[in-house]
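Chemist: Heads up: the protein sequence lines correspond to chains A and B, in order.
Position one of the first sequence corresponds to residue 426 (our numbering), numbered consecutively onward.
Position one of the second sequence corresponds to residue 47 (our numbering), numbered consecutively onward.
The set of hints was computed from the structure by calculation and includes no laboratory data.
Hints may contain errors.
Claimed, not checked - If you only want the chain B side, here are some residues facing chain A, beta carbon under 7 Å, derived:
| hint | residue |
| --- | --- |
| 1 | Val-57 |
| 2 | Asn-58 |
| 3 | Gly-401 |
| 4 | Ser-440 |
What the hints assert, rightly or not - Label-pair distances were calculated between CB atoms; the ranges are:
| hint | chain 1 | residue 1 | chain 2 | residue 2 | range |
| --- | --- | --- | --- | --- | --- |
| 5 | A | Asp-604 | B | Gly-519 | 43 to 49 Å |
| 6 | B | Ser-234 | A | Glu-455 | 56 to 62 Å |
| 7 | A | Pro-720 | B | Pro-330 | 32 to 38 Å |
| 8 | B | Asn-542 | A | Gly-522 | 53 to 59 Å |
| 9 | A | Trp-798 | B | Asp-481 | 35 to 41 Å |
| 10 | A | Pro-720 | B | Glu-67 | 48 to 54 Å |
| 11 | B | Val-618 | A | Met-791 | 36 to 42 Å |
| 12 | B | Glu-608 | A | Pro-720 | 55 to 61 Å |
| 13 | B | Met-512 | A | Trp-798 | 53 to 59 Å |
| 14 | B | Asp-481 | A | Ser-790 | 45 to 51 Å |
To be verified - The calculated lysine to aspartate or glutamate pairs, modelled on DMTMM-like cross-linking and capped at a C-alpha distance of 25 Å, are:
| hint | chain 1 | residue 1 | chain 2 | residue 2 |
| --- | --- | --- | --- | --- |
| 15 | A | Lys-672 | B | Asp-427 |
| 16 | B | Lys-147 | A | Asp-526 |
| 17 | B | Lys-513 | A | Asp-784 |
| 18 | A | Lys-672 | B | Glu-447 |
| 19 | B | Lys-207 | B | Asp-427 |
| 20 | B | Lys-51 | A | Asp-784 |
| 21 | A | Lys-655 | B | Asp-146 |
The beta carbon of each residue, even a glycine, is placed where N, CA and C say it ideally should be.
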Amino acid sequence: MQKVYTKIDSIVGNVITVRATGVRNSDLAEVTTSTGKSYANVIKLDGDRVSLQVFSGTQGVSTGDSVRFLGHPLQVSYSDALLGRVFDGSGKPRDNGPELDENMIEIAGPSVNPSKRIIPRKMVRTGIPMIDMFNTLVESQKLPIFSVSGEPYNQLLARIAMQAEVDLIVLGGMGLKYDDYLFFKNTLEKSGAMSRTIMFIHTASDPTVECTLVPDLALAVAERFAVDGKRVLCLLTDMTNYCDAQKEMAITMDQVPSNRGYPGDLYSTLASRYEKAVDFADAGSLTILAVTTMPGDDVTHPVPDNTGYITEGQFYLRNGHIEPFGSLSRLKQQVNSSTRDDHRSLMDAMIKLYAAYKDTLEKKSMGFMMSDWDEKLLRYGSLFETKLMDLSVNIPLEEALDLGWRILAECFEKNETGLKTELIERYWPKE
Amino acid sequence: MAQKKGHVVSVNGNMVNVRFEGDIVKNEVAYIKVGDTRLKSEVIRISDGVASMQVYEMTTGVGVGDEVEFSGELLSVELGPGLLSQVYDGLQNPLPELADKCGNFLQRGVYLDAIPDRDWPFTALAKAGDIVVAGDTLGTVPEGSFTHHIMVPFGLQGQWKVESIVPDGTYNVRSEIAVISDGRQKKSLSMVFDWPVKKAIGCYEERLMPDEPMVTKIRIIDTFLPVAKGGTYCTPGPFGAGKTVLQHLTSRNADVDIVIIAACGERAGEVVEVLKEFPELVDPRTGRSLMERTIIICNTSSMPVAAREASVYTAATLAEYYRNMGLDVLLLADSTSRWAQAMREMSGRLEEIPGEEAFPAYLESRIAEFYERAGKVRLKDGTIASVTIGGTVSPAGGNFEEPVTQATLKVVGAFHGLSRERSDARKYPAIDPLDSWSKYTGIIDQDKVAKAYGILARGNEVNQMMKVVGEEGTSLEDYIVYQKGELLDAVYLQQNSFDPVDFAVVPERQKESFDILYDILMSDYDIASKSDARVFFNQLRQAFLDWNGIALDDERFAQYREALVKTYTQKVRA
Chain A
426 MQKVYTKIDS IVGNVITVRA TGVRNSDLAE VTTSTGKSYA NVIKLDGDRV SLQVFSGTQG
486 VSTGDSVRFL GHPLQVSYSD ALLGRVFDGS GKPRDNGPEL DENMIEIAGP SVNPSKRIIP
546 RKMVRTGIPM IDMFNTLVES QKLPIFSVSG EPYNQLLARI AMQAEVDLIV LGGMGLKYDD
606 YLFFKNTLEK SGAMSRTIMF IHTASDPTVE CTLVPDLALA VAERFAVDGK RVLCLLTDMT
666 NYCDAQKEMA ITMDQVPSNR GYPGDLYSTL ASRYEKAVDF ADAGSLTILA VTTMPGDDVT
726 HPVPDNTGYI TEGQFYLRNG HIEPFGSLSR LKQQVNSSTR DDHRSLMDAM IKLYAAYKDT
786 LEKKSMGFMM SDWDEKLLRY GSLFETKLMD LSVNIPLEEA LDLGWRILAE CFEKNETGLK
846 TELIERYWPK E
Chain B
47 MAQKKGHVVS VNGNMVNVRF EGDIVKNEVA YIKVGDTRLK SEVIRISDGV ASMQVYEMTT
107 GVGVGDEVEF SGELLSVELG PGLLSQVYDG LQNPLPELAD KCGNFLQRGV YLDAIPDRDW
167 PFTALAKAGD IVVAGDTLGT VPEGSFTHHI MVPFGLQGQW KVESIVPDGT YNVRSEIAVI
227 SDGRQKKSLS MVFDWPVKKA IGCYEERLMP DEPMVTKIRI IDTFLPVAKG GTYCTPGPFG
287 AGKTVLQHLT SRNADVDIVI IAACGERAGE VVEVLKEFPE LVDPRTGRSL MERTIIICNT
347 SSMPVAAREA SVYTAATLAE YYRNMGLDVL LLADSTSRWA QAMREMSGRL EEIPGEEAFP
407 AYLESRIAEF YERAGKVRLK DGTIASVTIG GTVSPAGGNF EEPVTQATLK VVGAFHGLSR
467 ERSDARKYPA IDPLDSWSKY TGIIDQDKVA KAYGILARGN EVNQMMKVVG EEGTSLEDYI
527 VYQKGELLDA VYLQQNSFDP VDFAVVPERQ KESFDILYDI LMSDYDIASK SDARVFFNQL
587 RQAFLDWNGI ALDDERFAQY REALVKTYTQ KVRA
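Isolated chain A (complex conformation):
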């Protein structure tokens, strides 16, 4: 049944209403206006009044424009042909490649049966010491990067996309500046990582509705690759833009706002996306890393707050590097006992010494005398920051651990590190 309706009753915000029968909830429709075609999906049915949200917005839509129902919900094509391609928030190509319409799969599908999940057990190597060594990313983990706007979070994501040891990267961009989109595209193409990447990009100038579809499209594709045995990493930036788009739409739909204008179902909305992260016993895995910018560096803002309740830890990006304090990977215990036997102890010892360095720094800024020990700490702190914390460092975990030992040896005597003698004897660098 593909009936065309040509009488639009109302146009409010991005939502149009037509009188039609035989329409089903969430069905997709095609709206043809004088400026072109756009998809729309059914969000509400009331008798024969059908409300649809138009993906490209309602600017320029006439009450006489035609609406054609396609009889199925929004779908996305799934095949290896997606690799290296770029799409927009309605699933149409953004590059100059052909449109894909084979093997269509539904988006925002059902969630995984909890009894089919397994306890995560494999780490995702990124080559970034602050992640691998100090807050290990684990397959099937969902982690946000909490950041203030202006921090190099997209640069960090691009580095992870290039370096992470996974089979496939799916990048979802929401409200990206066009420059950022070009940056991602150029960086990935130059490094050769583009061939294992799929991008769904909504830029800041694109219609709001499409922003809300990006995570669903990206995660639906990523999930299918995981079911087919691939280890997939899904990168999302920026989830705060996504939530703001949800807010905008909820308000135009006359929904009662709950907290700072955000809709009451913000938690469920975010959770059903983040919970797509999964590790299958007999298939691949899906890991999610998502940027959440914190308006005003306020972690109690509804978006980072709700996110924190959902995700398994968080990375704080501050002053250009991943903060050792506050950042937390809740799943790191699952894997860092089996990496190398000095991993945990070295990680703890180095963080404790770094905390002592921070205290010393404070003392120094207040004009106190620096003791020998303070001088040692200052030296250690600056080495730690340049050699390990800098985001451009790209070394495997084992090298990072060795480097950690060298830094300790350069600054301290053996007994000043608080490490077990047995470990020191094995790993302390020989002259």
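Starting from the known structure of chain A, fit chain B onto it as the hints suggest.
Modeler: The following block gives chain B in isolation, referenced to the frame of chain A:
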């Protein structure tokens, strides 16, 4: 009786309006037919021949005109032997069986029998001719280490006569075991019957004061902030403060017969940990697997919201069912905020006038109703049994001044507030000892606890003052009080959940530890200076922590205890 039917007239998210004919019941279950699948839903409002229904599944594909079948029954769960060690979703669908049938993903519209189809060895207790009422025991079957009572369905009114009952033997769970009659009609009974989840199960003689402590083996709770069997408590806290870890510890160590975990709108990964770990862990009370005393109701955050609302009621109903067999049951709900949010979403779709933060006006009464399902009761045969409810709350921004936390605090008997400050300082369990409170009596003498509390509070005051005037400006006396408070915190309130000994402390040991600690806190010492005090209390802390790490049956136990006692007695002022 012809089945009532209706047709969909409008769809808005997970709320569907249906025009119906004939009579329907509020809160009855109906199924929307979409193609071949039937979507379960509940009537939550009826107005002018239109029923508003919340759908327990995603409503993608529902269309105007779709047929709806009304079942005539309220949302119910199946009660009978075989519930223990099961993993259900919020509507009592067994998840492992669902996975066998549908694979990795939760397919909508698939509803399986909750009670496993198997045979049980039945021992009859009633005999033909007996007069019984609802809740009376007809016979028993052994379920794990428990004697599972097969009871007369709770919903039956008046007196019934047992017409016939099967002899002892092995029967299928759904086969007839007895026939009863009230003179007008006969009823065939099996081991299974239904009960509507939103109605509390009665069938007991009277409710009693919850006055017996429920031991959790967590020192700060048992000694300072006790929970009683049949009582209620809540655990609010910001994210990352350790709410779920604390509940997991409680579910492992609590001194009750049965634990029901309602994972309501939280991470699936956390449920998986319980699922995979519990079968491996041994219940110290019975020596059997911990899973055998556990039921998990799991409606994680990505599962349909309406079923999340139902899941806490499902859990409460199962708890009451086992209570009526004379058992002590603990129900842990994580998190009640997600449940409240589910109500808020539904209320928004019904276009009700919103209250604070858009929560519905009936939020408080619903929360009160839920916690009131806890209680200690005397059953008709004189047995004492209880349902204890502990709920976590996830307040937005970690701020306790929000509607769900405040409504919960009004109705619970104990408040274990978790603080970000304590969890950041790695002081676990991160329960704030000064803000939290409990109205129950614990395992330690109340006066002594109050005095210890006094020192903790005073120590905290000194600490605040010291931040302003510095150590130099603090008197030695005050400084010692501060050190005593810190000692109490470090060796008693904090507990290392990763330590094989310290993670669970039995009441006898808590009493012994507390007595020594109390003596330390109440003694005067020969201390000349602040640095002297610091050194002394550091030694004391070390000796106490060392002793904490030694198991009760370890031969060095007495030796470490002696070492600790010697450390402080030699400094006590004569």
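Chemist: Mind listing which of the numbered hints don't hold for this structure, in increasing order?
Modeler: 3, 5, 7, 13, 14, 15, 16 and 20
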